[in-house]
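Residue numbers (our numbering), protein chains in the order written: chain A, 1 to 153; chain B, 1001 to 1661; chain C, 2001 to 2180.
In short, the hints are calculated from the structure, not lab data.
Among the hints, erroneous ones may be present.
Restricting the straight-line Cα-Cα distance to at most 30 Å, the calculated cross-link-like pairs of lysine-lysine (BS3-like) are [to be verified]:
1. C:Lys-2086 <-> B:Lys-1268
2. A:Lys-45 <-> C:Lys-2006
3. C:Lys-2086 <-> C:Lys-2100
4. C:Lys-2006 <-> B:Lys-1383
5. B:Lys-1268 <-> B:Lys-1520
6. A:Lys-45 <-> C:Lys-2030
7. A:Lys-45 <-> B:Lys-1268
8. B:Lys-1520 <-> C:Lys-2030
9. B:Lys-1383 <-> B:Lys-1268
10. C:Lys-2100 <-> C:Lys-2006
11. C:Lys-2086 <-> C:Lys-2030
12. B:Lys-1383 <-> C:Lys-2086
13. B:Lys-1423 <-> A:Lys-45
14. A:Lys-45 <-> C:Lys-2100
15. B:Lys-1415 <-> C:Lys-2030
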Amino acid sequence: MRLAVAFLLALFTLPAAAVIETYDFSSPELEVRYRQLSQELRCPKCQNQNIADSNAPISEDLRLLLYRQLEAGATDEEILEDMVRRYGEFVRYRPDFDRNTALLWLAPVLFLALGAGLAALVLRRARGDGAPALDSEEQARLEALLAARDREE
Amino acid sequence: MIPELGHFALILALCLAVTLAVVPLWGAWRRNLGAMALAPSLAVGVLVFCAIAFGCLATAFLQDDFSVRVVAANSNSLLPRVYKFSALWGNHEGSLLLWVTILAGWMAAVAAFSRQLPTVVLARVLAVMGIIAVGFLSFSLFTSNPFERLLPSTPADGNDLNPLLQDPGLIIHPPLLYMGYVGFSVAFAFAIAALLGGRLDAAWARWSRPWTNVAWAFLSAGIMLGSWWAYYELGWGGWWFWDPVENASFMPWLAGTALLHSLAVTEKRGLFKSWTVLLAIFAFSLSLLGTFLVRSGVLTSVHAFATDPARGLFILAFLAIVVGGSLGLYAMRAPTVTSRIRFAWLSRETLLLVNNLVFTVSTLTVLFGTLFPLVMDAFELGKYSVGPPYFNAVFVPLMALVMPVMGIGPLSRWKQDSAARWKRELLLPGLAAVACGLLLPLFGEGYNLWVALAVTLAAWLALGLARDLSNRVRAAPSLGRGLRRLPASYWGMQLAHLGFAACVIGAVAVSQYSIEHDLKMAPGDSETLAGYRFTFTELARVEGPNYLADEARFAVSRDGRPVARLAAQKRRYLASGSVMTEAAIDAGLFRDLYVAMGEPVGTSGAWAIRLHYKPMVRWLWLGALLMAIGGLTTVADRRYRRHRAAERAPAGEEAARGAPA
Amino acid sequence: MAPRLKLFIPLALFGVLALLLARGLQLDPKELPSALIDRPLPSFSLPALDGGETLTNAAVTGEVSLFNVWATWCITCRAEHAYLEKLADAGVPIYGINYKDDSAAARRWLAELGNPYRANIVDAEGTLGLDLGVYGAPETYLVDADGVVRYRHVGEVNDRIWENTLGPLFRELRGAGSGS
């Protein structure tokens, strides 16, 4: 069944809206960085697309800017900072770790810690170290009930 | 005439839904058997009228009735028939009608397949689903009427369906997705019914499980189709973007996974009752939240429907009532008495507790990441974007955390197990898994540590399952007999877990090993990628039914032997003048080869060409498909058929009989 | 009572979420404020549209003014042009940034429709636009007398926009109102 599906798919050519830039990079590492950064930068005017996939004119300009900066030898951080300076934090899909976004990055850890704590509590109770303890009120009620039952017999 | 009929049918459906929401619930409160007994018929009635409305709208689309506003906005006389039909749900109003019709379908299914439920329970369950139906039917009728007419100024022809949607993907993806989303309303309804009745027990869990599993299976399939469709349709070779609308479907899936495992514990051991109920409410609330996010314009997304704050307010109010009401009910009626049931640190209960923990944390993480830009904006702290780099960074470790547990889970024993036993059973699979992790990545493009880790974990899962299977079959007189003795729910679990392992391998392999190259190519040029030689053989002009295309034909070979012939196209559609790229994909079980055309470069017949090598990408979707099949398989289990002939048991007896071990 | 109270936590959390979403309905996620607010206009040295002189920051700063990013390929710019003329007549200094456009076509356009601009900066490559954080036309920046960017409006400037947002801010920065 899967092979049949695969075969059918092999025959399909299907519509797409690809954006293909043919930059000549002076080294393969730059091309890799270009690909990665262009996927990390957001197109400022699109409905949630990165500049790699968007065919808006501004994305084209930003891709060219990215290419030039990479060829000029800027580091990833410098490039991102430069983009943020022009367009704001909005343009980064991977938020920087600062006072505002600390909560975002720490949230999973916090959730996990909280959850692990709750789970540990559940586990501890479930292990049942010895017989379940009764507080004094429950103890008194128990004794009253037992006494009542004894009287009935 | 037909749109008016549809409109009327929808109104009738609303009336019946209101009756369903009120009367059986009152009957359950007052123990009025007659009122309660109305529930199944009312549910079927809602389905009938929703189906009529749906049929009327479909007819309007198929007959090119452009006096109906949604038809004029989304269809065209030249559109192929099948897309005219599926254009029905390619817009806000129509998809809402689909939503409510599917809900009605689930209601009728619950009414039909629940002979063994006590009348009180069935009445409450259907009534709760009725309340949800009232909400959506009102939303449709009062703010998003699909039957709105453009008379007297009927346009001569429609605007046409977005070309990106003129694709088989549109035909199956939304219906499957909605089957999943909406299906969680059943588990939700059971949970609310249990809270209302004050009876939260193993029987409730047993009733809920098949419905939850089926909904989960559909949602898995729906998400998988969405991912696959994006891959071949959009041309960037990606398969998941953590877009808010994608997350809106993924969060119920994550919560649903936690739910279906938690239900197992509640059914088998009567434990985690409060948590399971909360998860049932949580999963469906996420479905409703998803509906809100997609249609209110609160978050930016490529997938969002045309937005309208007034509609958003309506959904939010509905959300507040349903979720707020159910959480309030939970707070007041959920059991507070700590369970006296014991289990040891090393036991299946613990492992499932860890599973619950990880999947709940994953859900919350995705939720927080999705809503973070909104939070920052609301507090005027600036405009932020949270995208794939963040989500991948936090989500992957969480899944890595749960996989070791998944390997032990199927083997583990309830209540009390021992480390010695685990070591005895799993030492060999463990070593084999590490071996796989060390050796298998060598077949890929260079050794990659992430892939090694993923392979180790996935192999650990698979081998653990194999070990458990062999244990269960060992005692039987023959292999065939042994396999046949295994219940369907066990097979479902095996398939689903295997599917998960396949998904993980696919996702990690394609992320780490895929190779992409954009370059200028002219006919005659060749480029080698991952050992495959792509030769641009010729550029041709092709005339399609409604487009003109430049076609770039490629011959792909490996080690001199021909592998595939691919023809990518750059189409100009005659009607709209829009230009679209058609990627050519050579699909394989272990790799995809992908060619797409960009723009012509210069005047010498050269084009910008994208070449992709995507290893193991199909495993992603095949894995998801396996999970869906697994989920559906569990429902075939004999225990769900046992009570078909039996009388409807009175409310107390089921619980008194206790749950099967 | 304590265990019962804990069960209200999910409800409380949902309440917070609902408030957040309600607030979200009032916000516009597509609205992107300029990253240059309260920062100086980027330094540039570009030719002027009429005459071949080179314009720099010094030439266009010194009073509270509007900088309008426009182009002949931008349909909305044509729509807002008449209102810009009205503002210019009322004494509002407007400088134009001809963004990624053909200068000859731009000159013809202005000749045909009128010229509300004190001067027009030819940004053929879009470099000034990139420095400003422009992502589409038309955009209008409000710059104060010291050359510091105070506000950016994306889209057409019309009566409503001027009355509600740009106008009051312009007058505030001016000190003495100039009216419109």
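Quick one, are B:Lys-1520 and C:Lys-2030 close enough, alpha carbons at most 30 Å? 35 Å, violated
Regarding the pair C:Lys-2086 and B:Lys-1268, is the alpha-carbon distance no greater than 30 Å? Not OK: C:Lys-2086 and B:Lys-1268 at ~78 Å, beyond 30 Å, violated.
Under the criterion that the straight-line Cα-Cα distance not exceed 30 Å, is the pair A:Lys-45, B:Lys-1268 satisfied? Not OK: A:Lys-45 and B:Lys-1268 at ~53 Å, beyond 30 Å, violated.
Verify the proposed pairing of A:Lys-45 with C:Lys-2030, using a straight-line Cα cut of 30 Å. The given pair, whose Cα atoms are some 8 Å apart, holds under the 30 Å limit.
For a C-alpha distance cap of 30 Å, please report whether B:Lys-1415 and C:Lys-2030 respect it. Judged against 30 Å, a Cα distance of about 53 Å means the pair is violated.
Going straight from one Cα to the other, do C:Lys-2100 and C:Lys-2006 come out at no more than 30 Å? Not satisfied, since the Cα-Cα distance of roughly 61 Å exceeds 30 Å.
B:Lys-1423 paired with A:Lys-45 [C-alpha distance capped at 30 Å]: 56 Å, violated
For a C-alpha distance cap of 30 Å, please report whether B:Lys-1383 and C:Lys-2086 respect it. 34 Å, violated
With the threshold set at 30 Å, check whether the alpha-carbon distance from C:Lys-2006 to B:Lys-1383 stays at or below it. 34 Å, violated
Holds or violated: C:Lys-2086 and C:Lys-2030, Cα atoms, limit 30 Å. 29 Å, holds
CA of B:Lys-1383 to CA of B:Lys-1268, is that 30 Å or under? With Cα atoms ~48 Å apart, B:Lys-1383 and B:Lys-1268 exceed 30 Å; violated.
Can you confirm whether the C-alpha distance between A:Lys-45 and C:Lys-2006 stays at or below 30 Å? With Cα atoms ~44 Å apart, A:Lys-45 and C:Lys-2006 exceed 30 Å; violated.
The structure fails to meet hints 1, 2, 4, 5, 7, 8, 9, 10, 12, 13 and 15 from the earlier list, while all remaining hints are met.
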